[in-house]
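Asker: Spelled out, the chains give:
Protein chains: 2
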Amino acid sequence: MDSKDMMKRLVEPESVAIIGATRKTGEFALNLVQHLLAYGYTGKVYPVNPNASEISGVQAYHSVGEIDAHIDQAVIMTPREAVPGTLKECADKGIACAVVVAQGFNDAGDKEGKELNRQMKDVIRDTGIRVLGPNTFGIANGFINFSSSFAQIRLDKVPVGVICQSGTFFHGFPEFRLTGKGIDIGNACDIGFIESLEYFEDDPQVKVIGLHIEGINDTKRFLETARRISLKKPIIALKTGKSDRAAKAMQSHTGSLAGNTLLWDSALKSAGIIRVNDMEEFYDIVRLFTIAPLMKNNRIAVATYSGAAGIMTMDALQGSGVEMGELSTQTLQKLKDIAPPWLHVGNPVDFWPIMQAAPNQGLAMRDILDILLSDDELGGVMFLQLAFVDRTAEGLRMFLNYMAARFPDKSFISAIPGSSDVQCITGLQQDGKHVAYPTPERAARAFSRLWQYSRLRNGF
Amino acid sequence: MDSKDMMKRLVEPESVAIIGATRKTGEFALNLVQHLLAYGYTGKVYPVNPNASEISGVQAYHSVGEIDAHIDQAVIMTPREAVPGTLKECADKGIACAVVVAQGFNDAGDKEGKELNRQMKDVIRDTGIRVLGPNTFGIANGFINFSSSFAQIRLDKVPVGVICQSGTFFHGFPEFRLTGKGIDIGNACDIGFIESLEYFEDDPQVKVIGLHIEGINDTKRFLETARRISLKKPIIALKTGKSDRAAKAMQSHTGSLAGNTLLWDSALKSAGIIRVNDMEEFYDIVRLFTIAPLMKNNRIAVATYSGAAGIMTMDALQGSGVEMGELSTQTLQKLKDIAPPWLHVGNPVDFWPIMQAAPNQGLAMRDILDILLSDDELGGVMFLQLAFVDRTAEGLRMFLNYMAARFPDKSFISAIPGSSDVQCITGLQQDGKHVAYPTPERAARAFSRLWQYSRLRNGF
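Chains as they are written, first to last, in this note's numbering: chain A, 1 to 460; chain B, 1 to 460.
Don't take every hint at face value.
[To be verified] Chain B side only, calculated, beta carbon under 10 Å to chain A, not exhaustive:
| # | residue |
| --- | --- |
| 1 | ALA247 |
| 2 | ALA267 |
| 3 | TYR305 |
| 4 | MET312 |
| 5 | ASP315 |
| 6 | ASP337 |
| 7 | PRO341 |
| 8 | ASN347 |
| 9 | PHE388 |
Quick caveat, the hints were computed from the structure, so don't treat them as lab data.
Remember, it's a predicted structure, so these values are computed and weren't measured experimentally.
Cβ coordinates follow ideal geometry from the N, Cα and C atoms, glycine included.
Isolated chain A (complex conformation) (with noise of 0.2 Å):
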């Protein structure tokens, strides 16, 4: 089968059967089919277990092979010694691929996990099923209400597909849930990497592709996919492993070798894609490129409560390709004629002065932001604000969402520290007009982060 066929029906499955499906239900219970049943998805589940005939209510079969309808997809969910057997059953039955969960294959400490990974890899290549895993949550798919993982977990319409080695990704933080479409790749014994990018290529529900990376069997020809991708959809990629006991680890944990660092470095860059360091970053960047659009020029405007504040924000700039530079002459005179006359008006815009001086403080905020956004010199401008309280939160998420609204092209990125930035910003996210980080430094690294795209986009 075409492997865009096959990704579809693994992605996108009308139709599941759930092999090793557990009878116990309740809140510890990992039980998929009460939490397909929870999600609300509305296609075909096949529960298969040897010992049952029916679980949370869906008629269930003692064999894939009983099953006397066309299946797109199947969960495998038994224990490891019983996977190359129950593989070649779904095979028999014609299904294109399934979702391996188990440990315990090239991952394992001894002799007989290498010797099912390989029976695994026989019953493949005998028989052309394709098999995402093992050591895998599998896929999550907020758009049809679908995920494979045996723990339940929180899926939302995000425009962001991940293609990851650790079902972590699919669990989100709170004020972003990330995984709008994800493929755990697993240990990735056949589908991988490749596949999983050439699936999210041309769908037009990804905006952004998320990696999570251990290590990569053809990485030549993942580069030059995700060269070609990079340029019309923004590729971030956590690429672990940069110690020796991590790459020992690694081979335990996906079987990957992790290979240099700097060199990683510098094939990921020639592939466009966008190198985080950490697990926060990939959240942060990742969420910026769903709602932030790309920078026309390096310069950027800060607007901020805090002359404090505005510091960390330079000191976050060094070296980031982002310049907080000089104001136009005309913007500082729009600032200067609301400033109270001693302020020294520049970059930094320190506005607390400025509202204090105003006959109305709301609107003063807003003057000032209009000047900045509507100069068409600023690459961008942030916005540094505390979050007191959460009745100030909410009055700010309305604040910003209503100017991003009405300078949608700019880009426009705050920082939101206090004691109910949490509050606010995943508000905001949840509005998807504007992005929100809870630091300076945060707000900072974003913008460096989206001019590295928009250089790569825009051929400056």
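The hints should help you fit chain B onto chain A, whose structure is shown.
Answerer: Quick look at chain B alone, frame taken from chain A:
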């Protein structure tokens, strides 16, 4: 007056005059009298406003001289022009110290600001009154429900003394309020880091000292003071102003000279101060020291839900001074006894397969941590677990509090990513027994800083 007595009146005032108190009320009025009532401050409050006889139900005075009572502290909230004269009136009234809120002195772009600054300093020299500020939020003291901040803040009894040059640090983050006792020295025309450090030195309510530094006047005496105190309490510093532009901006923010960042690095290190890199690390590391005991050696074990997260931890620990070495034969054997036979048991400990093979998953997780936390050869234990949904986050919080209480002398830090991480992390912080971060890398960084200070204190 003795500096320590004066600082006591400043940070723990039993009576305060609010000069230039506003008559406006409501949410955005910045009415300090109203804030103090809301905080539940039980000291005496004397609002001063030439046009009011009461403010928010509290008797007001037309001038400070009219108040017929002893006053510990004046908060001067007038426009800048009125500051020198008002300060003189306070001195004549016998008030020992004043908070000067207004901006526009040496930080301003005009001559008048500099002239007003000179006049203010003349009053200080001639009368002996001491000044905190100008350009400051003043004081926050959660232990007596007091703050001079014009913006209402959330007070808390956290054992942290903060000395800063921006009110931003009075506002905290959702998981951590930061400022138990805060001294915003602002432009530091008089009271500065040294008096403030000495105040916190013997303060039994303060366990950790946090510094936000833009610049320091008497660097030599500051470093001597810090060197003495850092052997009693950890001092964490965010020193900002790394670029030339930042140095210029700081001159207009707090009138400070930035100085070379490498010089600062070695100077702070020589004084036993832990220098952090950004706002997020400042909060992370200060709150670390409010809870975590010191490490007895630099070897840690990592128990992880995910091989991938374990690898991220290794990446983050590289070059940190903290090592994830091999586990002892005895500890390995104890783990192997409860692990499935095929599992490669090492460090990190992949606990998911062990839990899945166990009759009771919760007990298995407890057993794994028991084995690691009771291993005397380990200096610390890191625990990585997902907060899937709100309910698992609550269970995790209970579990971690239970484990931390069983091993109060072991350095034990968690990373809890997932869609409910904030809930779990904030809850744990409030409970005060266990410290957790949302990513493996931030937990690894915390261990690295904990070891840095443990070495200093234990002379390793």
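Asker: Looking back at the numbered hints, which does the structure fail to meet, lowest number first?
Answerer: Failing hints, ascending: 2, 6.
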